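Add chain L to chain U, keeping to what the hints say.
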Amino acid sequence: MTAPWLVSQVGVPVPGRRRLPRPLGRTGGQMAAVGLAGAALILLIAHTALVGLRQVDHAYAAVGQIATAQRAFQHADMLHDALRADVALALAQMPGTQGPDTHTGVAIDAPGFRADLRAAAAVRLPGRLSVSLQALRPEQEQFADDAERIVAQAQVDGQAEMLAARAQWPAFKALFNELADAQAAVVAQLSEQSGQKEQLADSGQRTARTRLAAAAAAALVGFLGIALLLGRQGRRLAELAARERGVAETLQHSLLPDRLPDLPGVALAARYVPCGTGVEVGGDWYDVLPLPGGEVGLVMGDVAGHDLGAAAVMGQLRNALRAYASEGLPPGAVLERLNQMCHQQRTGVMSTCLYAVLDPVARVLTVANAGHYPPLLVLPDGGTRFLERPGCPPIGAVRESAYPETTYELEPGASVVLYTDGLVERRTRPVDEGLELLAREAASLPAGLEAACDHLLEVLLADGAPEDDVALLVVAPAMLLGPHLDLVMPAEPDRLVDLRRALGRWLDEAGADEDERYEVLVACSEAATNAVEHAYGPGAASYQVVGDWDPETGEISLLVRDWGRWRSPRGQDRGRGLGLMTALMDDVTVDRGGPTAGGTSVLMRRRLAACTHPAGSEVSTGERVSA
Amino acid sequence: MTVAKLLVRQPLRGTSPDWPTVALVGEIDLSNVAQIEVGVRAAVPFTAVGLVLDLSGVDYLDSTGLRMLFQLARELRDRQQELRLVVPATSRLRRVLDLGGVFGTIPVVVPPDRANQGAAQ
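From first to last, the protein sequence lines are chains U and L.
Taken in order, the first sequence gives residues 1 to 627; the numbers are from this note's numbering.
Taken in order, the second sequence gives residues 1 to 121; the numbers are from this note's numbering.
A couple of the hints might just be wrong.
As the list claims (entries may be wrong) - Anything over 10 Å on all C-beta distances counts as not near chain U; from chain L, calculated: (1) Thr47; (2) Gly50; (3) Gly57; (4) Leu61; (5) Arg95; (6) Phe103; (7) Pro112.
To be verified - Calculated Cβ distances over 10 Å to all of chain L for the following chain U residues: (8) Gly29; (9) Gln159; (10) Met341; (11) Gly579.
To be verified - Derived DEER-like restraints, expressed as beta-carbon distance ranges: (12) U:Ala447 with L:Gln71: 35 to 45 Å; (13) L:Pro17 with U:Gly579: 30 to 40 Å; (14) U:Arg322 with L:Arg41: 51 to 61 Å; (15) L:Gln71 with U:Leu578: 18 to 28 Å; (16) U:Asp586 with L:Gln71: 44 to 54 Å; (17) L:Pro17 with U:Arg389: 42 to 52 Å; (18) U:Glu514 with L:Pro17: 30 to 40 Å; (19) L:Gln71 with U:Pro330: 43 to 53 Å; (20) L:Gln71 with U:Pro261: 30 to 40 Å; (21) L:Arg41 with U:Gln340: 26 to 36 Å; (22) U:Gly579 with L:Arg41: 51 to 61 Å.
Derived from the structure by calculation, the hints contain no laboratory data.
Computed from a predicted model, the values in this text were never measured in an experiment.
We put the CB at the ideal spot given by N, CA and C, even for glycine.
Just chain U, with the same shape it has in the complex:
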């Protein structure tokens, strides 16, 4: 089965091989690369930001140290002034008149001065500052010592000591001035350093902040990239899944009947509802097969699984079943062979399947069931009954399984409902309730099988789209064909038997006796055979048979009409048909159509021997499913 065939069948475009999306490998690699690059970038930026922050931390610590040193040094500078004042005061006093104040002043200021110097020296400072401080320290110590010594001398009670002390003043003052300049320079250096460090810390902080922001932005971009890729990937996956579903659906639809066969005397209606959620497609199928003896084969099956494979297996089973059924095998034998075929071909897939043969004239239904839900019989009085039998295993489950048949006689007006599990199984409702609901609703169906199908779907799928596919088939043998018959038959030799079945039933209703029945059948078949054989070339279309009988006069008329061009009889032994028709019927008119207008019509009339019939008063065209 090739894609172009599918396209022409259902009109759903099936993508060519080349246009199928690439496998996921490449995009997976892209995503990993983007993710790794993003992570590496984030790590790098975060690291530099951390390093920057540590530098800022150090800078601020240095600023603090410098501030401590600054404070100590400034205090020392202050005490330096105080010591000068102490000395000046001590020297300005008259000998022997010194009070305790001067002595006390120096005694407090000198140790304080030294303590400040120690404190300043204890602070770890940048090299240049440390050197400056160290260089100043001996002279400063000297200054403190000098101050103490001069004050002590000045306190000694004696003129000579005072004079000696005063003689030291110029030198002391010179030292003081020298120190004052040097200390001022150091203070300036300290404050300059402090400012620099502060600036450094500030700029470091700014840099770190910028880098953190950059890292965050990079992370954002990375995540956006991944999100974009994920989005694209998701879309691609969804596309892939949708395509697979599309192919499976196309396959499935091509395997379901696009329209049910027009079978005289059998009313049929079917529905197929694909499941509403997800990307799955079911393996449900149904089929209606006109059989050689004028019977009708009814198929309802469900292949396990919800993918392309299930749809393909469904196609195999459907075709195999059609082949076995067309041989005229009874239902049990058909399912048995289907099961054997499954095991021989090792499909490995199980499928429930119900196959029933309906004889529409005798209204007899013969059922064989391979693990499928039982059909529901609906009686004209509204009674319902599931046609249940001890279960048989599904097709493909057990090798050499037997599928016993059960035969049911359908009373006039009865109908049969076939369905798949999707109709009765809901997640929110036990199966028993689903079956009960089906039986209850089937008891009061609207007239007409189409309306009946719609009603059943509406009620049983009331809580939204089905979770599984749903197939539904309702069949009702017509009670009576009625005096007016209108059949459109495919122009195929194999279907001539269907025409004879329907016509025979119609003639029985009209009260024809055995000979009349046979003779009218032959006459009509001659016209039909002509339509099949003469009016068309190979690849036949269809022809129409319109019948009418008058219950009053007992006259029947039959019109057989095709849409092809009349071909004169050719070859040996041909051309007997028209003779038979004229001999068997009272009146035959053949309209061969004009030279341009296509179509041949044969109109035949015959009066039946028996002319009144009770059946004429209660005529129905069937299609009734409930009383």
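Just chain L, lined up with the frame of chain U:
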């Protein structure tokens, strides 16, 4: 291929090898006439004097079937063999065979009584 419940029975037991008998059961129409013709033809050995074709079990036959009968009769005649038909007196086919001109052309054997239809001759 629709075979309308039709069986081609090989020469019946108890019949003479000079006159093999083939019985047809079911309906003969356009869908299966060619297959039946082939089957019947294959049942006539070259050495046989003729063929007995038993139509007792045939429920339906129209001009397509008539055509086959005449074709078979002509073929056998060309081989200096003879076709004989078995048609019960009560057969529904009689009218069509009559109208088709079979009775004047092909020898028809009427079995002595209905209960013994299947074993003509």
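Would you list, in rising numerical order, the hints stated earlier that this structure does not obey? Per hint list: 4, 5, 11, 12, 14, 16, 19, 22 violated.
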